[in-house]
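Student: Put chain E on the given structure of chain P with help from the hints.
Top to bottom, those sequences are chains P and E. Reading the first sequence from the start, the letters are residues 1 to 429 in UniProt numbering. Reading the second sequence from the start, the letters are residues 1 to 429 in UniProt numbering.
Read the hints as simulated data drawn from the structure, not as lab findings. These numbers were taken from a predicted model, which means no experiment stands behind them. Please note: incorrect hints may appear among the correct ones.
[Claimed, not checked] Here are the computed lysine-lysine pairs in the DSSO-like style, where the Cα-Cα straight-line distance is at most 27 Å:
hint, chain 1, residue 1, chain 2, residue 2
1, E, 126, E, 105
2, E, 126, P, 374
3, E, 111, P, 259
4, P, 105, P, 126
5, E, 111, E, 126
6, P, 126, P, 111
7, P, 374, E, 374
[Said to hold, decoys possible] Label-pair restraints from in silico Cβ distances:
hint, chain 1, residue 1, chain 2, residue 2, range
8, E, 264, P, 212, 32 to 42 Å
9, E, 351, P, 386, 26 to 36 Å
10, P, 76, E, 62, 42 to 52 Å
11, P, 202, E, 227, 33 to 43 Å
12, P, 266, E, 96, 49 to 59 Å
13, P, 318, E, 206, 49 to 59 Å
14, P, 214, E, 152, 18 to 28 Å
15, P, 121, E, 35, 49 to 59 Å
16, P, 371, E, 354, 23 to 33 Å
17, E, 171, P, 212, 33 to 43 Å
Even for Gly, the Cβ is constructed at its ideal location relative to N, Cα and C.
The primary structure of each chain is shown beneath.
Protein chains: 2
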Amino acid sequence: MSERPTASVLVTGSELLTGHVADANGPFVARALGDLGFAVRRVILVGDRPDDLRSALDHVSGEDLVVTSGGLGPTADDLTAEIVAEYCAAPMAVDPALRDRIHAKVAGWAKRAGWAGPALDAATAKQARVPHGAEVLEPVGTAPGLVVSRGGGPVVVVLPGPPRELTGMWPAVVAAGPVATLLERAPRAEAIRLRFAGIPESDIAATLREIGADLDLARVEIITCLRRSELEADLHPLPGAEGIAREAADRIVAAHRRKLISDDGSTTDELLAAALLERGWTVATGESCTGGLLAGRLVDRAGSSAYVAGGVVAYSNEAKTAQLDVPADLIAEHGAVSPEVARALADGARARFGTDVGVGITGVAGPDGGTEAKPVGYVCFCVTTADGQVISRDPQFPGGRTDVRERSVDLAMHLLLRATGRTGPGAHR
Amino acid sequence: MSERPTASVLVTGSELLTGHVADANGPFVARALGDLGFAVRRVILVGDRPDDLRSALDHVSGEDLVVTSGGLGPTADDLTAEIVAEYCAAPMAVDPALRDRIHAKVAGWAKRAGWAGPALDAATAKQARVPHGAEVLEPVGTAPGLVVSRGGGPVVVVLPGPPRELTGMWPAVVAAGPVATLLERAPRAEAIRLRFAGIPESDIAATLREIGADLDLARVEIITCLRRSELEADLHPLPGAEGIAREAADRIVAAHRRKLISDDGSTTDELLAAALLERGWTVATGESCTGGLLAGRLVDRAGSSAYVAGGVVAYSNEAKTAQLDVPADLIAEHGAVSPEVARALADGARARFGTDVGVGITGVAGPDGGTEAKPVGYVCFCVTTADGQVISRDPQFPGGRTDVRERSVDLAMHLLLRATGRTGPGAHR
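So that you can see chain P by itself, here it is in the shape it has in the complex (with noise of 0.2 Å):
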């Protein structure tokens, strides 16, 4: 069906299969190939072992392009790049100039470090053996990355295992001779991102179903993702296809435009960072059940602090009585978990902070504390404002202690974008 060129991510690391570390040097590359118009086939991790390493380059073998990660460092056991160039019998050199440039990186501190000598010498030969014929990638760190191509097989781009080494390299990769030519045959078509508030992924598939007796939607790859509350749609038109993409988006978002956040990408953190600055308003939080996770990610983004005063984290009763004036009486009438309380909060956060918004978060996360009427995943929330606005909710979680933490997260983060006036991409047209 497609016509793009593939592509596979094969990321080394032994202690990626322990499932302890997480890896992020696959969703990177992936990300940006899939960017770039590259069909991404597979992510491979595997461990250190060689055989392991050859295996899986055979069998990604059938694809236009393969990146590795890791396995560059000076010691002997860090072999990627000999079982790269064994892969594309390509035979292996030192590169003076490149060893020299090397020695000049680590020289300052590998002095301090009392590291001289042949064994230095040799880790940086070591690191500077590159396969006949490949492009170098200038290092980030103290290892190359490497562009080699098998004949007839694939290009193979070789990046070291530090995500800061591996992400400073990707201008050049994406600059390199073998790559650009590849990209000559990926489409130049932007990929649509629309985002949704709240939405089933079955919804969205009942909606492409209608479209898709209208639109030749074999052409678009739509590809939807559910990353907590809030569904992601990508539209890949084919190249030829970009009309049908367009139209086939423009009708989702027709029949879902009250869930819509946005149709350009922008995610609900962006979007309420823009509207709270161009509104001139501050926000304090006042959370009980999130613990501080709301006000964590409001000031998550860079230049926040021009916006996000602060918040109070009232876990105990007391505390919410004493650093948010929430009046015991009302604690005692309707329970710590309750929309008063949450309107008592939010009020609260707002007057000691002085602020032009104020949240209030109150729920039982769990995994105990639920009863019959306010069982674990009810949570209530309200937003107010200076200008009068009261937006409230207690809706019943799904989920665990970490999944209703999250999910409350999310929905603040959605109502404050509502108090803000802001309705959606829908309003501007």
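Tutor: Same frame as chain P, but now just chain E:
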């Protein structure tokens, strides 16, 4: 080298190849298999194209066990069960009793959703189609798991994609006959897990080189992994090498005792919660640059309301003064990011919330706001206690905004643990 049974994990889902969604199933299954004694060879993420799944199955045919996740839904493009049945040469048929149980599960909400008749029956029957000879794992959602064997090839365990369903089914996987048979070959020896604070991997590597002169470390798989500011070292002995692993662990601990957090796998969070409960202490936070993430981390544990009173996120100078009684003069004299203000935040949080322990954090998270004297990454910490302890630090962290904030939360957790008087497992011997 290894005599352990081998395993690979196949995770299906086109959305995973976009890089926008993090896969949770691969790490969960890899970790669970490793804990059971399997040697995990690879984790492969593939899209929903049938041919890609077929070729991935062929690629892992040499394993003893293959675990798949995803592609078990009720619609026609959920094809994992069919493809695995074909791979195992097992014809499929509807299991009538299973179909009835699934029907009973979905009947309620299907009715509310106005879904009934032939479409519902077809969807239910599709999910009840089972390869001949397969062991059925009871659905947690609506899709059953399957355990199928390929003659002369691997045992294939087929699991649903939603993480809640997959993890809920895991005990049944371990108990399934063909898996239990493989487990008889898995080493019973428990892995030893050491956890250290603030040492680089290269230090452990150097210690291992020394130890390797005396001990046969080829018989112990040692995997180190750095998770932000903590280093975990897992020692997996092959059968018969338990004594070597124990001695190696003792020598690693002896070389780095001052940095040891635990030698039994306990996390900093677990140790801190236990220590606070044991002392009957309560905690309050005063956060600036971490913006609530420390409070969020503290209340992440179920039952944390017993020892967390709450906290204040005081992002602006005004909030520091108004909410945590940090004297405006102090800020003017030393700057908002200073050891003095960190201490005032800790004292202010402790006083306002009436707790035994207060912790203050103020720093330059970046990307802007750094100066020559106080560059991006400079963070001041203080923990003060009602019994008169004052523990201060002001490190300079590397990395970007997210790194700085995550490392700050880690260090604050370590300082809190220190304030409880817990000085590492070495102290208890």
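Student: So, for every hint listed, does it hold in this structure?
Tutor: Okay, the hints, checked on the actual structure:
1. Simply put, residue 126/E and residue 105/E have alpha-carbon atoms about 15 Å apart, close enough for the 27 Å limit, and the pair holds.
2. Restraint check for residue 126/E and residue 374/P: not satisfied, since their Cα atoms lie roughly 37 Å apart, outside the 27 Å limit.
3. As the CA atoms of residue 111/E and residue 259/P are separated by approximately 25 Å, the hinted pair is consistent with the 27 Å bound.
4. For the given pair, residue 105/P sits about 15 Å from residue 126/P by alpha-carbon distance, which is consistent with the 27 Å threshold.
5. Of the supplied pair hints, the one linking residue 111/E and residue 126/E holds, its CA atoms being roughly 19 Å apart against a limit of 27 Å.
6. Between the alpha carbons of residue 126/P and residue 111/P the distance comes to roughly 19 Å, so the proposed pair stays at or under 27 Å and holds.
7. Simply put, residue 374/P and residue 374/E have alpha-carbon atoms about 48 Å apart, too far for the 27 Å limit, and the pair is violated.
8. Between residue 264/E and residue 212/P, the C-beta spacing of about 56 Å breaks the proposed range 32 to 42 Å.
9. A beta carbon spacing of about 29 Å between residue 351/E and residue 386/P agrees with the range 26 to 36 Å that was offered as a hint.
10. For the pair residue 76/P and residue 62/E, the beta carbons lie near 26 Å from each other, so the given range of 42 to 52 Å is not met.
11. For residue 202/P and residue 227/E, the Cβ-Cβ distance of about 36 Å falls inside the hinted range of 33 to 43 Å, so the restraint holds.
12. Remark: the range hint 49 to 59 Å for residue 266/P to residue 96/E is upheld by a beta-carbon distance near 50 Å.
13. The given range of 49 to 59 Å is respected by residue 318/P and residue 206/E, whose C-beta atoms sit roughly 51 Å from each other.
14. At about 50 Å, the CB distance of residue 214/P to residue 152/E disagrees with the hint of 18 to 28 Å.
15. With their beta carbons about 43 Å apart, residue 121/P and residue 35/E fall outside the hinted range of 49 to 59 Å.
16. For the pair residue 371/P and residue 354/E, the supplied restraint of 23 to 33 Å holds, since their beta-carbon distance comes to about 28 Å.
17. With their beta carbons about 41 Å apart, residue 171/E and residue 212/P fall inside the hinted range of 33 to 43 Å.
Taken one by one, the earlier hints fail for this structure at numbers 2, 7, 8, 10, 14, 15, listed in ascending order.
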